[in-house]
Every structure is written in C-alpha cells, then in structure tokens.
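Chemist: Chains as they are written, first to last, in the working numbering: chain Y, 1 to 1000; chain C, 1001 to 1340.
Quick caveat, the hints were computed from the structure, so don't treat them as lab data.
Predicted model only: the values in this text are computed from it and were never measured.
Treat the hints loosely; a few may be bogus.
What the simulated footprint calls covered on chain C by chain Y, stretch by stretch (three residues with Cβ under 8 Å from a Cβ of chain Y suffice, anywhere in the stretch; the number is not a length) [what the hints assert, rightly or not]: (1) 1235-1246; (2) 1271-1279.
What the simulated footprint calls covered on chain Y by chain C, stretch by stretch (three residues with Cβ under 8 Å from a Cβ of chain C suffice, anywhere in the stretch; the number is not a length) [as the list claims (entries may be wrong)]: (3) 549-557; (4) 560-569; (5) 890-901.
Glycine included, each C-beta is placed from N, C-alpha and C at the ideal position.
So the chains spell out like this:
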Amino acid sequence: MWSRGAQFICWVFAVHLIGIWLFTRGFLLTRLALSEVNSCDVSDPNCTLSPSYKRMVFLIIDALRFDFISPDPPLPSSPYYHNVLSLPAELTKAQPDRSIIYYAFPDPPTTTLQRIKGITTGSLPTFVDMGSNFGGSSILEDSLIRQLYEAGKQIAFMGDDTWMSVFPTSFAPNMTFPYDSFNVEDLHSVDEGVIRHLLPLLREHTKSWDFIIGHFLGVDHVGHRLGPDHPTMQAKLQQMDNVLRETVELLDDDTLLVLLGDHGMDRKGDHGGDGELETSAGLWLYSKTRPLVDPQADIPAHLLTNRTYPGASTAHRSVQQIDLVPSLSLLLGLPIPFNNLGTVIPELFWTGKQATSFEHALRTNAAQVKRYLDAYRLSPAGSELDSAWKDIQSAWQGAMEGQVPALTMNMFTRYALEACRMLWAQFNITLIGLGLTTLLSSSLATFAVYDSLGRIVQWEPWLDRIASMTLRWSGIGTVSGLVVAFPLRPYVKDVAIFDYVAFGAAIASSFAVIKQALPARRLEIGSISSIPLPLVLHTLSFMSNSYTFWEDHVIPYLLLTSIAPFVLTGFTAPTPRLRTRILFFSSLFAVCVRLIAISTVCREEQQPYCHVTFFSGSTITTPPGLILAIVVPIAFGLPSAIRQYLKISKSDQGLANILLPTIFPSVLTSSSFVWILEWMESSEVLGPSCSGALRLTRTTLAWLSIGTILVVALTLWWLIPLCIKVETSEPAANERREVTIIGFANALGSPYLIFWLIFFSLVFTTTQLAGQVILALATVALLSFLEVVDSVRDVRALNLAFSSSKPSEFLAQSQETRSTLSTVGLRFSEVTPIALLALQVFFGTGHQAVISTIQWKSAFILTSSLTYPLSPLLVILNSLGPVFVFALAVPLIATWNTPPLPYPPSTAQNATLRACLGISLYFTSLLLGSAISSAWLRRHLMVWKVFAPRFMLAALCLVAVDVAVIVGYVIGFGRISVAVGRVFGSMPGANDAAKARKSQ
Amino acid sequence: MSPTTQPQRSRKSQKQSGKEREESERPAVQLPTAFFPFARYTSVVGVHTSLIAFTALFLPRTSLSSLFRSSAANGQLGKPDDVLLTLTENPLRTLAWICAGSCVLQVWWASWLRNWALDARAGVTEGADDTTRRTEQKLLREEWNSGRFAVGFIDIFVRCTLMYIVLQAFRMACLAAVVTSVVFSIVIILYGAPLNSHLLRTYLLGLLVALLSVFSAAYTLGVPSLGSDTESLVRRLTWIRLFAELSPRTPVERAILYPAIGTVLGCWVGAIPIGLDWERPWQAWPLTPAYGAVSGYIVGSLWALAINGVRQLYEIQLRENREAASAKRSEPQHTKKKGT
C-alpha cells in the first residue's frame, strides 16, 4: 500500500526532470573550454608572422554600436548618437590607407564577460564554459592576453573590472586600474578613471608598456539607464570623441590603435541576447603614420563580406568580431590563441596584387583552427561535433588541395565557425517554451492533487486512479509525441525526437491529472485568504535582480511573516498551557531564524552593505573565533536538546534512548573536530610539521563518523525504528493484564525524527564549522516549529469542539470527517516555513546563488586527493544538503505528535503525502519564477550574473527536494508504518486506542 | 464570530429603539444612534489624519536651525527634490520629529476615543449638550447636587480625582507604549533590521509603530494585565478579541483596531522597497517602513471611518424599517394604551 503515494510522487519528480531538461537545453548553452595553449616557436614561419607593430592601444567603448561611428548612419539620423563620435569617420575619409572602419558582428550572448572572453580567445563563449575548474570566472583558455604575457610584454589595464576576474594576474601591477562595473547608476567614474590613467601612459617618452587595454563603460550605462535617445548619450559620445582625438594626437609610429564596441545595444539601450542591433558593434583600426592597408590591393570580392545596418542606405564592410584575434596576434608577431575560430582580416595582410603575405597568414590561421577542432573532437565533449565532423573534414581536405588557397582556406575557417556557432551559441526559444509549459502544467497538476487529497475522504482508491492514469496518459503522450515529431521536425530547429516524446508524455499526463482532480475542487471566496503570500512574494522576487541577490535577507523576512499567523492563533488559545507553548516556541523559532540570518558569505553585488560573517574575514576562509569556541559544545549538546523535545511527548524511549545519548553526540562532535583539525592544518597553528598527522587524524575521524551514521545508526533504525516503551503491569487477580505504551502519542513522529537525524548528521559532517552551528540552530528552529504547529492544531480542534453544539459528540467522531480534516489537517501555511527554512539554512551555511561560493574544501574531508565519485558527492552534500535535509523534514509536520491508531494511519499518510507534495510545489513555484524571469530577461545586463545562476540553483534545489521527499515518504514513512503495524496492527479498534492514549 | 455577535447587537439596538421610542415624543432632532457621535467622529478623524500626514511630511523639515533661517529660503524648499532632501538627509531627525508629532496627536486622538468609549459605556446620548458630559463628571454632579460639601472644595476634589484617574490611565498608556515600543523594536530586528548598527533608528521606528497602534488602545481600553479578577479578565479578553482575533464590535473598537492593523501592515510593506538597488536617499533605514506605517495608519483610520459610516447607515435603515413595521403593528396597541 505504500507504493500508492510513492507512484504519484515519482511521477511528479519525472515530470520536473523533463521540464528542467527541456528548459535547460534551450537556455543554458554549454561548451567545453580546452586549456591547451598555442606554444609554438615564434621564429617558426608556420607559427606566426613577423611583427608589424610594436605596441597596441586597445580601447573598448562598451556597447559602441556600429552606427555610432558609422560614416553613413541610418536615416533619419539621431542628434544624440549619430555623427557625434565622428573622429573615425573623419580620419577614414582623410586617410583611407591608415584608418579603416568595420561593421563587426559580436556573437551572442552579448554580455560583457562573454564578449571579453570572445575578443581575447577568438572562441564563442557560452554561459557555462565547462572546464577543469568551476571556481572563479577566470579564463581557462589560451588568449591574446596570455600570449602577450608569455611573450614578456607589459600589459596596462584600466576600466571595467570584469577584466580582472577574467585575467586576475596577467596585467602589470603598477599599470592596473580596475573600476566597479555593475553600478549602472554611475555614468562617469569608470570613464574618468580610464582617461586619468590612459593619457599619461601615452605621453610617456620611454614606453613602459606594450599593450594598453582601456575599457570605457559610460556609453553602456547611459544606454541601460537612460536609453540611447537622451542628451546624456550625446555628451558621453562627445567625451569619447575628445578622448580619441587626444589619443590619436599622442600615438607614435609603432603603435596601432584599435577601438571597438564589445557589443551593440537594442533600441532601449539593453543587450545580452542576439538581436540585430545588439550584434552590431563598431570596430575601428588606425595607424598614425604607417599605411595600414594597401589601397592598391586587389582583393577578390568573395573575401570581403558586406552587411547593411538596419536603415542605412548602403552596405558596409563587415567582419566577425573574433576575426580581430588572429589578425592582431599576427600583426604583433604572436602565435594565434589555441581556441581561436576567427579568420584573419584580408586587408590588413594583403599587399599589392600578390597575396603571399595574406596566404601565409591564412595558412597559419587555418592550421590553428584545425588543430583546435581536432583537440575538441578528442575531448570528452567531442561527440557534439558528430553531425558536422564529416563536412569539416572534407572542407579541410578542400583547403589543403584547393587551387586557390586563399579561397578554400577561408571557406574552411568560416565553415568551422558556423558549425561551432550552431552548436554553442543560440537560445532555443522552442525548447524554453516547452520546458516552461511542462513545469507549469506539472505544478498545476500537483496542486490539483494536493488540494483534492485534502478534501476527499476516501482518498486511497482515488489516488490509485490518478496514479494509473499518469501511467496510461504518459504512454499516450509518448506515442503522440512521436507522431507529431516526424512532420514537425523539418520546421522546428534543434528539437530532438526525445524532446517531443518527453514533452508529450509529461504534458498529456499532467492534463489528465488536472482534468481528473479539478472537479473535486471548488473555488471559494474564502480561498483568497489562503493564498500563500510568502510563496507569491518569493516567486515574484526573482523578477528583480535586487531581490534575487538579496535573497538571503528576503527569506528571514518572509519566514517571520509566515510564522505570524501562528502567533496570532497563539494569543487566542483557550488554555494558558497552549498559549505559553505557542508563544514560547514561536519566539524561539524567530530567534533561531534571526541568528541563522547573521551568517553569510556575501556575494559581490551585495557590497558594500554586507560583511562576511561565515568566515572571519572577506578574504580568508578560516572560521570566526567565536564559532571555534562554541562549536564543540553545540555539537555535543544538540542531541540532548533534541531529547528534551522528545521528552515533551514522552517519546525519548526505545531507539531514541539508544542513539541520542551516545551515538549522535559522538558523531556530531567528531564531525566538528574534523573541521577544527582542518582549520589547524590549513592555518598551521601547530606549525607545518604536524600537518601530516592532522590530515591523517581528520580523515580517520571523518570516516568514523560517516561510517557510524551509515552503518550503526541506519541499521539500528531499520531494525527497531520505534521510540516507544511497553510496560506490562502484573495483572491482579481476575483482571486483564494492563499494557502501558510510553511514547504512544508521538509514535509516528519520533522514529521519523531519528531517521531524519541520520541524514542530518551526514550533512553536518560535510559542513564547515560556522555552518555546523547554523545547522544546530536550524534543528532547534525546526523542532520548535513542530511544537507550534502541534499546539496550533490543538487550538483549532478545541475551538471547533467548543463551537459545535455537542462537544462530546464531536470528540467521539471519527478523525476522518471532512470538517476535522479542514480544521486540524495539514495546511500549506505549515509547509511554507519549512521550505523557507531550508533555503535560509542554505544561505546560512555559507552558500549563495553563485557558482563561486561552492565550498570545494568539503570534497577532501574523506580523502586527501580528488576521488571519484566520493569527492563530488561530498560537495553536493555540502551544497544541496541543507535543502535536502530540511525538505526531508517535511513529513514531520504531518507525523509529529500523531498517534499511530487507528491502524493503518490513513490520515497521517494522507497528511504526509500532502506535505511532500506541498514542499515540492513550493520549490517548483520558485523554479518557475526564476526560469520565467531568466528567460524573459535574457537580454538583461545581469542575466548571466544573477538570474541564470538563481535558475540553476532553483533547478538543483527542486531535484534535491524531490529526492528528499521520495526518500522520506517511501523509506522513512514506509518503514515506520510497517513497524507501527507490527506493534499496533493487531489492536482492535479505536476504543483501545483511547485507552492507550489515556495511559500514556 | 459574527453569528454570536449578531444577536447581541440586535438586542442592544432593540433596547435602544425602545428607549428612543420613549423619547420620541420630543419632536425636533432625529438621533442617528444612541451611543456614537458619528458627526464629531468624522470631523475628528479628518483633522487627525491630516495632522498625521502633516507630521510625516512637513514637521521633519522644521529643523531648529531652519526655524531661524529667513523665509527667503522657503521658495527653494518648495521644490519636490528639496523636500525629499530635507526629509532624507538625516533619517534619525526625521523619525524623531514624526515620533514627537504623532505622540502629541495620539494623546489628543486617544482622549477623544476614551471619551466616546466612556460615553458609550455610560449610555450618554449625543443629543445632550456636549461640554463636560463624561461619566465621571456626571457622577460628580450627582454628588454635588446632594449638597454635602462646600461647592469650591468639592469642585477641587472632584477635579483632582478626575485628574488622577485620567493621569493614571495616561501613565499606564504611556507605559504600555514604551514597553511595546521595545517589543516592536525586537520584532523589527527579528524581521531583519541590523543587529549591531542603526539601533536608535530601529528603536524610533518601534516607538512610532507603538504610538500609532498601541497607545490609543491602551488609553481607551486600559492596559491588559495578568490578574485574575473579572475586570482584568474582561480587559484581556477584549485585547485578545481585538488584536488576535481581529474582530471589533463597536465603532470605537474599529477606530482603534483598523489604524493599528494599517500601521503594522504599512510598516511591513514599507520594508520591501529597501531591497531595491536604486541607491536613493529615501531608501535609508528606516524611512520607508516609517512612512509605510504612517500611511497605513491613515488608510486604516479612513477605512474605519468608512466601515463605521456604512454600519451606521445600515443600522439607521434597519431601525427605520423596524420602527415602520412596529408602528404599523402597534398602531391599535398604541391607542389602546392611550385609552388606558
């Protein structure tokens, strides 16, 4: 009978997975970043060309759209941004051999970080560049900057500090001037900083630099904040024009000036996606005295591509933005970066009628591209190239054997670029839509079932019908997905057969469930007040970048809000005992929540309003001194605190009496010592000589505690889960024997708590010291909340009894009547605090919704080197463990202080199932909110920094919650009911139950 | 709750109408209700809410130094940007001004409420002259009429006693406001206010919420205590009914409860805009919750006025209908009565 609800929960999980899979495939583009470096010998003619320029000034005006510098802007021209930055057009007109303007195509995603990677590596960065190191956003691939650095060139840098996160160590320290890039409100300070440092460097007589990077942000910020059609834009571009005039003034013969926009901007001034205006960037090359291009050059037309800017009268010479990378590398006499996919720009190498120099450049270029593709093909992600590989090979063949090498090699590099672009660089709106639809319909279906289960008294057969229906309709959906797939495939891009099938199965079964469950539901006016306000606010908050990155502060606010109704009920409690209990435990809960909220590792957007408290400083990762002092007593004392809670219902018997006094304190304490030793080892408190011994001790301790939990505690729980004690009094003569069961009232909840503690201890072991304190506080909060919920249900039941005309009759009634269910049964408002607490603990244990806060340290608690699959498992346990564990606690709301009789405990099972569905629903809603916002705002400045990481976290959390719910419901609750059945199953009827309750 | 309260109320109004019928021999004024001076209530709410708004928007701009500055600067002060600037440049000063202003206003408002509540308890009708019609004074006048003491002496004694009672209530209400201000500050910190900085600002916000929500209730209803005598039990139950069950029964209770709810909700909502990264001066802690609380108070007050008005009209309608019906029915009886 336990498979009943489990089947439905598993269906929910499967549909969630399908939704996440579809959305992710459409939204998150992945690519493997190869870390090889092109380290060929510069003197080798196949490696590079001899340098044409000694130095280079590389200026980026963020979001400089092509029409801002175009000599032929579209009509009607705008007074704010057309012909304002006019220097490039003037010089090109006056000196066509020394100045050239290109219409550059930057690859989407058109966000600054991705574009910086693009214009330095020559590849097509996607959001997730997978590689050997997930950690920072620092670049893993070979790049122009790296080649410069390895050639011993001095690189000066000023401007947007995104460069610093990509190239933390490459720039000359005394010539590095980063400025904060995400303060969109500030239009001028970055630009003024760049100007302040750029011009003095240019004026130097003995040039101490070889390469200057200047990244202006003002134009971009004006675009984001005010839009392009604004007088400020004109002033800004005017300022840029003046800077350029001064720069040109100060250039010497050996220096090439490169000016480019890293991407364009749309009509509102935003960027990030693949719109035509966003992918229109300006590019200008200027050489002061030496000719840059040969006007006599006779370049075949097929090598020169043209593109018409929207609204412009004529087409303009256009290049791919990444073409800069091989071109500049060769002009500086450097090897082309290993990952480059760009092609050299012909004009820069073609002299006279002879194409020798250009052919040489192109051959070097093509060979490098081929090397890269071969390496990618051999990498773990090589199968991505499957479909294109044959054509790439034949193009390469053609390039080698072609009669006109310039033509065929150019074709090869272009084909390679196109093939890779198809693989890596496009949002798939269809898949995004399918994913969102799946998630939405699945959450509607879950809600319908959740709601119906709370109303239907005979719910078991009903749920059976639903479960078999999900199976049947999944089958139907699979078939219809297949049927639809074949005619649609030619028209819809990049949607695989599997996608159709999965979507069909998910959507068909969801709608079948909705249709089946909906008639049981009546929309009432009263249901307006039951709208879960915290959930609605939480979901909506993902539409704003501020609330998303301040989520760790939003959650305590929502959590306290969600507990407020319980406090109000507490005041109305009819007995002083209930009132005191509710008020005391809610206060305890609130205080714990507030204390958890103190602990944080700040994310960079929260600066300067945030102080790191999880560690003892923002740049060091040692635990704060206070934590070191209190963590061991807390770890040791936590089990006895839990025991106090069990004592309230006298259920500190049986298994609890075995595990809580001995096993759990020793396990938790040794977990704390594991991390204390880790701190001693890394901060060398005892000197470096001890580190070997410390390492050995902590590895042993960690193995011991995890082993004890998994072997001893889990086995004991499986064998004797119940926390009850049976006392038999000697029968007096002629009387029946009297059996007293101590711990009866909480016979379902207490074993589940022990079960929960086993998983809690696992997570506790993988959590750093400050996080362990947080976990302990959260446990106290959880147990307090359980007491609050229990007391509030008592209050409701009492009030119901008082208001009914015959209280005694009411009390005698079966527990399963409709009115009882709706009064004292599970409510969504009881699930909300648990869901919020789970996320609160996630943030409190030193995590944030950014990849950089993953605590890699935890991978090494069991082994000193990276071991598969142990190390990743530990990191997952450390990161998602808090969410998993507190989702696992959700059946406690349904089982806490629930007596096991009448057997089978159908009401408790119903409530457990609903609690599981409820928390899954909460996290689905969060996932939907974050997915919709990141899909909707995919052009937003911060989509890859704020929204997409939050979506990834939401997806991972939902998976963790679903797994937790399945484990909790099937294994935890299932095993306990079997054990309860063995003890109480033979007891006949409810009268005995009442008797047992009395003698509790 | 409503099913249990309904019969009581109708019984009460029946009683009233009975009383009125006796008085209805007096021709001129048609009294709206016996227990609540609705017209005066309306005007007092109007004045009170406008003054509260004034306190929040204008009072903080009168810093002591700007009082001495000549009015020449006033022209500049009128611009909205400058208004915002003066309100936001020192949140502590703004909060202190709002607290001071609302303290005065709440005392004034609460004294009205208290009078109405006492009137309602004593059953004084609105039609009577309204100079010194308070319960205590009515009692005193009776004593005076009995002529046991010299007039002047009694007057002083009476006034002293009266003063004492009022002062006692006032003192308790102040105490309640101070205690709850601390409680509110703690709650605000629990909700996420900074723990180790801005404590004075947080406290002032707590004080403001306490002044707006608790003070008038404590002054009007009395401070609840844990005593076991009947009076404190009734008082405690009244507080629980009002602030935990949120079910007021009389117009005065509504005038107390709705603004209090509005204050708390407004303060809660006011915390939300702080999170936005707009970097505006008005996002400084705790300006938005304070202004949220004040606007919530005003909205709640007007809402109470609206509800009370509607109920008033409804009751008049009800009574008229009933009177018409009973008049029809009792027509023969009436004559009969006259006959006897």
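Chemist: With reference to the structure, classify each hint as holding or not holding.
Modeler: Going through the hints against the structure:
Under the rule that three or more residues need a Cβ within less than 8 Å of chain Y, the assignment of the stretch 1235-1246 of chain C holds, with 5 such residues. Coverage of the stretch 1271-1279 of chain C by chain Y holds [criterion: at least 3 residues with CB-CB distance below 8 Å; count 6]. By the rule of at least three residues with a Cβ nearer than 8 Å to a Cβ of chain C, the coverage given for the stretch 549-557 of chain Y holds, with 5 such residues. Check result for the stretch 560-569 of chain Y against chain C: holds, 4 residues qualifying (beta carbon to beta carbon below 8 Å, three or more required).
For the stretch 890-901 of chain Y, the assignment as covered by chain C is violated, since 0 residues bring a beta-carbon within under 8 Å of that chain's beta-carbons and 3 are needed.
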